[in-house]
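*Asks:* As a plain string of letters, each chain reads:
Number of protein chains: 2
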Amino acid sequence: MAYRIPKYLQIKQDILDAIKTGVLQPGDKVDSESTLKKKYSVSAITVRKAFNDLINDGILVGVQGAGTFVAKKQMIRGLTSISFSDELLQQGYAIDTAIISIEEVVNPHVAEKLGIGQDDPLICVKRVRLANEEPLAFHISYIDAKKLSLEEAQDVIALKSFYKALEKRGIIPKWANENYSVKEVNDPVVSNLMKIKKGGATFYVKRTAFDERNQIVEYSETYFNKELYSVDVNIKFAT
Amino acid sequence: MAYRIPKYLQIKQDILDAIKTGVLQPGDKVDSESTLKKKYSVSAITVRKAFNDLINDGILVGVQGAGTFVAKKQMIRGLTSISFSDELLQQGYAIDTAIISIEEVVNPHVAEKLGIGQDDPLICVKRVRLANEEPLAFHISYIDAKKLSLEEAQDVIALKSFYKALEKRGIIPKWANENYSVKEVNDPVVSNLMKIKKGGATFYVKRTAFDERNQIVEYSETYFNKELYSVDVNIKFAT
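If you read the protein sequences in the order shown, they are chains R and U. Residue 111 in the UniProt record's numbering sits at position 111 of the first sequence, with consecutive numbering throughout. Residue 62 in the UniProt record's numbering sits at position 62 of the second sequence, with consecutive numbering throughout.
To be clear, the hints were calculated from the coordinates, so they are not data collected in a lab. Here the structure is a predicted model, which means the values were calculated and not measured. Any given hint could be a false lead.
The calculated DSS-like cross-link candidates involving lysine-lysine, where the alpha carbons are at most 27 Å apart (straight line), are [unchecked claim]:
1) Lys37(R) - Lys160(U)
2) Lys113(R) - Lys29(R)
3) Lys197(R) - Lys174(U)
4) Lys29(R) - Lys197(U)
5) Lys197(U) - Lys168(U)
6) Lys126(U) - Lys49(R)
7) Lys29(U) - Lys236(R)
8) Lys72(U) - Lys206(U)
9) Lys174(U) - Lys126(U)
10) Lys174(U) - Lys49(R)
11) Lys126(R) - Lys168(R)
12) Lys20(U) - Lys39(U)
13) Lys29(U) - Lys49(U)
14) Lys206(R) - Lys49(U)
15) Lys197(R) - Lys126(R)
16) Lys236(U) - Lys160(R)
17) Lys236(R) - Lys49(U)
Simulated DEER-style distance windows between Cβ atoms [what the hints assert, rightly or not]:
18) Lys195(U) - Glu33(R): 24 to 30 Å
19) Asn177(U) - Gly92(R): 20 to 26 Å
20) Thr35(U) - Ser101(R): 31 to 37 Å
21) Ser34(U) - Thr35(R): 27 to 33 Å
Which residues of chain U face chain R? A partial, calculated answer using Cβ under 8 Å [what the hints assert, rightly or not]:
22) Lys195
23) Lys197
24) Ala201
Here a beta-carbon is modelled for each residue, glycine too, at the ideal position from N, C-alpha and C.
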């Protein structure tokens, strides 16, 4: 009797080959369980074992009630550049920014993070980042209105970049503290902009940026599409 | 007429005061919308505005169908120590580790990450980390079986630490590459161990750890409870 590889491994390999050769593209739906059952003359359990392995490896994604899909390539954020746009361009994405609002606000909670009086006016700039025309991120940036006035903040529209608008006024962030967590979006305005369902999870980044004199220049909160975003860091261990 | 602060700000302040004084503890349910409506003689919209502000600030958490709760304090992971246990102890948590399994396995996908032959045997150690008796993390660590044998890996049970078991054999990770993303848990084994609902989101960490000669010593995948975990990094911007 000839050596035969287990059927579930054969199914896995065929799916991997289809992805490698481009027959299956990121976001494509793969054949359903019942189609593969017939095609390979196997049980549902065998198909599910192949699917589960590929889902665990991050190659496929199961969507409740909709089927199984080829995972979208996550863009990887390295930690070297202030400009996320530049990083995405380097990774070959077509990017665009939609400015949602530029307002003067009062927010004691944010003022505290900026280290200013809790009733001091802040400039709040909201924008949606699109990568290949899909919403990638919703950014909310705050800056002391004494550093950037509401009028000066209008530069964001023409420059399509909050950081370029800061740079124009001589404000150049040199380093930042970032906090990463998972946040569910319950605000319908945010979920609509991000095209995710209410209560859906996002990769959430809180950033406090500092200039060369270690003065706080910006506090921001960003919701990233969890299918499209991850962060990569190298860490050294203290011994 | 005396100056009066808006009612929703009063509600917010009273909730913040109750948290500050310890009347409301992390995880406690706050008064329902209808209770607060009566208590302050305000509309549902006013109560909701107070709740929304506090939810947006990360102070309260709304749980669909269950009510509104005081957010649990997130433990913050700095990026200095290999030993997560040590960090948690410093932050005052009572920690414990439950070893789920220690097995020899073959996994071509992981073998590739470890830089060894795809049929080479691996030691796979699964464990659940508990902080104050709640599941905080489910860790799956892989190491080349030539570096740590199945027999040697049993040390993990007595030492209650994978890294201490490595250290005993002279294997000392010096740095690591970590990738952070959001992952939904569909494996019922994992969701049961983590006490989260099927399809629930986790903070997901993939780590490749290296020794002082830059040899790969470990590849691991960890699911963190999103309510309890976040990562903090300082980043410098290239100019």
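*Asks:* Of all the hints numbered above, which does this structure not satisfy? Sort the numbers upward.
*Replies:* 1, 2, 3, 5, 7, 10, 17, 21, 22 and 23
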